[in-house]
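Peer 1: These are the residues of each chain, in order.
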Amino acid sequence: MITHDQVAVGDALPVLSYDVTSTTVVLGALASRDWRPMHHDHHFAVERQGVKDIFLNSPNQGAWLERFVTDWTGPKGRIGRLRFKMRKPIFPADTMVIEGVVREVGIDDAGCGWVELDLTIRVGDVTCTESEAKVAVPTSPDDNPWQRRGDDWRP
Amino acid sequence: MSALPTDVEALIGVLQYEEAGEFPVERGYFWTSAASVENANPILWDDAVAEEITGGPIAPLSLLSAWFRPHHWAPGRTVEKLPLQIHFDLKARFELPEAIMTENVTTFHEPVRPGDTITSAQRLVSVSEEQTRRLGTGRFWVIDVEYRNQHAELCGVERWTGFGYRRDTPKDTP
Numbered sequence: 001m002i003t004h005d006q007v008a009v010g011d012a013l014p015v016l017s018y019d020v021t022s023t024t025v026v027l028g029a030l031a032s033r034d035w036r037p038m039h040h041d042h043h044f045a046v047e048r049q050g051v052k053d054i055f056l057n058s059p060n061q062g063a064w065l066e067r068f069v070t071d072w073t074g075p076k077g078r079i080g081r082l083r084f085k086m087r088k089p090i091f092p093a094d095t096m097v098i099e100g101v102v103r104e105v106g107i108d109d110a111g112c113g114w115v116e117l118d119l120t121i122r123v124g125d126v127t128c129t130e131s132e133a134k135v136a137v138p139t140s141p142d143d144n145p146w147q148r149r150g151d152d153w154r155p
Numbered sequence: 156m157s158a159l160p161t162d163v164e165a166l167i168g169v170l171q172y173e174e175a176g177e178f179p180v181e182r183g184y185f186w187t188s189a190a191s192v193e194n195a196n197p198i199l200w201d202d203a204v205a206e207e208i209t210g211g212p213i214a215p216l217s218l219l220s221a222w223f224r225p226h227h228w229a230p231g232r233t234v235e236k237l238p239l240q241i242h243f244d245l246k247a248r249f250e251l252p253e254a255i256m257t258e259n260v261t262t263f264h265e266p267v268r269p270g271d272t273i274t275s276a277q278r279l280v281s282v283s284e285e286q287t288r289r290l291g292t293g294r295f296w297v298i299d300v301e302y303r304n305q306h307a308e309l310c311g312v313e314r315w316t317g318f319g320y321r322r323d324t325p326k327d328t329p
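So the sequences go chain by chain: A and B. All the letters of the first sequence, read from the start, carry residue numbers 1 to 155 under this note's numbering. All the letters of the second sequence, read from the start, carry residue numbers 156 to 329 under this note's numbering.
This is chain B alone, in the form it adopts within the complex (with noise of 0.2 Å):
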């Protein structure tokens, strides 16, 4: 079994990338959420039982990673800047072309309101060993996501776990 590059050992456990979202939260991002899975829950439509329930209108909680993924475009952006970052350095390291997510574990904390500011920060957690699967030949690799309001409280951390992998050619494939 061969060691991580020294590199990539270096930044296991390190906190990266730690930066507000690009925009306060919005509450239209809310209702297209909900009617993206036409989830009538009231506490996302109805303001009288938000206040109630949740005292004011919450975000669905599913919809946490959104507030830290970029603008696809800004002006003066010259190169495309991507979320989970991290997963993105791995790839380029590895050289590995394409990747998926396979896993997501998020716990959630303080809800998330219309006009938060979410700051979020990555952490690599592990990378294994290269190995080869349906998709191709490459390594899976866990991230930790950490979101916290404008008053510095956890909203939630998100593990994802992402197989970066090069597609083998038939003469690779016995």
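Bound conformation, chain A alone (with noise of 0.2 Å):
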């Protein structure tokens, strides 16, 4: 677990390398409830959307990038906004790796410790994802964000 006071800008984050398969898509789409052909058929892929396979959705992206930060923070990490921007689909037979640095290191005025993260997703040389998360992080030990309700979390 990490507190507030270990983290500097520049920071990287460890990065996660994985081999996505048509399993890994599919499973990801039905896991987020999204029934749209184009994470399950690869006939609708190609020939209605015009891609060459099926592909990761916008939600099992939102899943990945989550583990991804709080594999990094530990379980008191709590995000508090992800933002990510889809450029190019991941596709079976990709091998996409999720690499993260810190950009900003603060604390608001209701003593919550944030750090801000600029995420990207790549196959290779390409990046098909950009993203942005703001995490909240404990300021001590005894710190847990995950308490913080009402106007104590502001995201």
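There's no promise every hint is true.
The calculated lysine-lysine pairs, modelled on DSS-like cross-linking and capped at a C-alpha distance of 27 Å, are [stated by the list, open to error]:
#: 1; chain 1: B; residue 1: 246; chain 2: A; residue 2: 134
#: 2; chain 1: A; residue 1: 52; chain 2: A; residue 2: 85
#: 3; chain 1: A; residue 1: 52; chain 2: B; residue 2: 246
Computed from the model, here is a short list of chain A residues facing chain B with C-beta under 7 Å [said to hold, decoys possible]:
#: 4; residue: 62
#: 5; residue: 63
#: 6; residue: 79
#: 7; residue: 155
Calculated from the structure, these hints are not laboratory results. Since the model is a prediction, treat every value here as computed from it, not as a measurement. A virtual CB, placed ideally from N, CA and C, is assigned to each residue, including glycine.
If you follow the hints, you should be able to join the two separate chains into one complex; please do so.
Peer 2: This is the structure:
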């Protein structure tokens, strides 16, 4: 578990590399209750959507990014905001690589410690998804961002 | 630059499709979601850790939109019910047969817990002029979805950017 004082601008998060399969795509879509055919039907994806295969759906990309961030923060890390922009689809047989770096560190007026991250998901040299995350981390070993509610939580 | 059709312009900023999810939040989805990305975060798997840190089990935050996605089929339903209905309304209104989501920004507030009933509501934020991109010619639109639990507490707000398009035929492409 990290605490706010252990984080500095420019810190790199541990890289996550994952070999995507058709199962990854279909499982991710169904786990998020996304029944749209471009995430499970190869022919629909190719013939209707004009892409080369089924591809990771949006909520599952969010799930990968959530995992990537909380792998680093530990369980007390609480994501307040997550943005991601999908520039290229991620297909079966791609090896996706998720990387992140700390862009900003601060404490808000309510005393919550925040870390802002720039994240990317790339396949080879191609950036498929650009992302930003704002995650609350404990300011001390006794602090717990999950206990914040109402005006004390300002994501 | 042409203005938006008045019927579309009139919908911008209007809260639409406020409705409760079709089922109470179910913990099985928490594990399926975590398994789909091999997320070992103990607050998702270990009840004692969840109790200590989050006051009990909570859903993966990124699963927020799952709670308003309708069943693929239900008794008596003759037409497929679609999530993010405004997105599909715009596809139909502009006669754009294909669409993809290009950007998502989610702000997370109260965590979602097993047994919660999540109500969602959608709001059209903007629609672009028609433009041509790699996939085809169409429009971008931005839609907000607000999620509240049975106590009317805000659980999160998703902002989706979609691109509805028609694939350009060779004769359309110089």
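Peer 1: If a hint holds in the structure, say so; if it doesn't, say that too.
Peer 2: Here's how the hints hold up against the structure:
1. 246/B / 134/A: Given pair residue 246/B, residue 134/A is violated - Cα atoms ~32 Å apart, limit 27 Å.
2. 52/A / 85/A: holds (20 Å)
3. 52/A / 246/B: Holds, because 23 Å separates the two Cα atoms, which is no more than 27 Å.
4. 62: holds (4 Å)
5. 63: At about 4 Å, which falls below the 7 Å cut-off, the nearest Cβ of chain B leaves the hint on residue 63/A intact, so it holds.
6. 79: With a minimum Cβ separation of about 6 Å from chain B (threshold 7 Å), the hint on residue 79/A holds.
7. 155: Residue 155/A check passes; min Cβ-Cβ to chain B is 5 Å, inside 7 Å.
When held up to the earlier numbered hints, the structure conflicts with hint 1 and nothing else.
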